[in-house]
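**Student:** Protein chains in written order, with the numbering used here: chain A, 1 to 107; chain B, 1 to 119.
Honestly, the hints are just simulated from the structure, not real lab data.
This list has only true hints and no planted wrong ones.
Straight-line alpha carbon distances no greater than 27 Å define the calculated DSS-like cross-link-like pairs of lysine-lysine that follow:
hint, chain 1, residue 1, chain 2, residue 2
1, B, 44, B, 65
2, B, 44, A, 42
3, B, 44, A, 107
4, A, 39, B, 44
Just the calculated beta-carbon pair ranges, DEER-fashion:
hint, chain 1, residue 1, chain 2, residue 2, range
5, A, 60, B, 100, 13 to 23 Å
6, A, 20, B, 13, 40 to 50 Å
7, A, 24, B, 66, 29 to 39 Å
8, B, 118, A, 42, 23 to 33 Å
9, B, 84, A, 65, 35 to 45 Å
10, B, 118, A, 41, 18 to 28 Å
11, A, 61, B, 102, 23 to 33 Å
12, A, 94, B, 11, 24 to 34 Å
13, B, 32, A, 18, 34 to 44 Å
14, B, 101, A, 41, 25 to 35 Å
15, A, 61, B, 101, 15 to 25 Å
Residues from chain A shown here face chain B by an in silico Cβ test under 10 Å; the list is partial:
hint, residue
16, 36
17, 55
18, 90
19, 91
Given the structure is predicted, the values throughout are model-derived calculations rather than measurements.
Glycine included, C-beta positions come from ideal geometry on N, C-alpha and C.
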Amino acid sequence: DIQTTQSPRSLSASVGDTVTITCRTGRGIGESFNWYQQKSGKAPKLLIYAAFRLQSGVPSRFSGSGSGTDFTLTISGLQPEDFATYYCQESYTPPWTFGQGTKVEVK
Amino acid sequence: EVHLVESGGGLVQPGGSLRLSCAASGLTLSYNNYMSWVRQAPGKGLECVSVIQTGGTTYYADSVKGRFTISRDTSNNTLYLQMNSLRVEDTAVYYCAKWSGAPGLFGSWGQGTLVTVSS
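Just chain A, with the same shape it has in the complex:
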């Protein structure tokens, strides 16, 4: 299995802030990496796929970067609807491991 380590586990931010979440995988996986947003009591929603490609309908304030073992999700200009938990995920090989999650809370 490919270990996927996400940080931080939680962060506090204000509307308008720029937020960065990082993930590191145990070995290189090219750009087979995705990001999801999950709001309380709801199913996850795909935001970014293949490391930096924006899923249709996702606002452009969300962006992804990285390749190999290190990946980043950036939210530029945090909006009230962005307070949620974010998960990274490798899609390189089974079991397609998810990160531990980062909860973005109101400061």
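Starting from the known structure of chain A, arrange chain B on it as the hints suggest.
**Tutor:** Same frame as chain A, now just chain B:
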């Protein structure tokens, strides 16, 4: 638009069985669609427990191998997860999810169904 609706969750005793269903619309299960079950224990992260590929090939996480069986009925466009020998640690919300394009890319999700294993 893809729409997935899970059902079948509930309270079951350890060692018991349960069958989850996922009714799909906006897609045809038999046509180039990889479907999966992803679970989330209370307050925890996400785990893909099973996948069924277009040709019928299946995958199971080590944690459920030999106990869970994924299947689909193309006549009514429904995905199933038969869960046997349930354990307390199987307690979770179970989501049905469709892969989008690349392997392991969970593009569409249902709303989830809660399975509680407790005596």
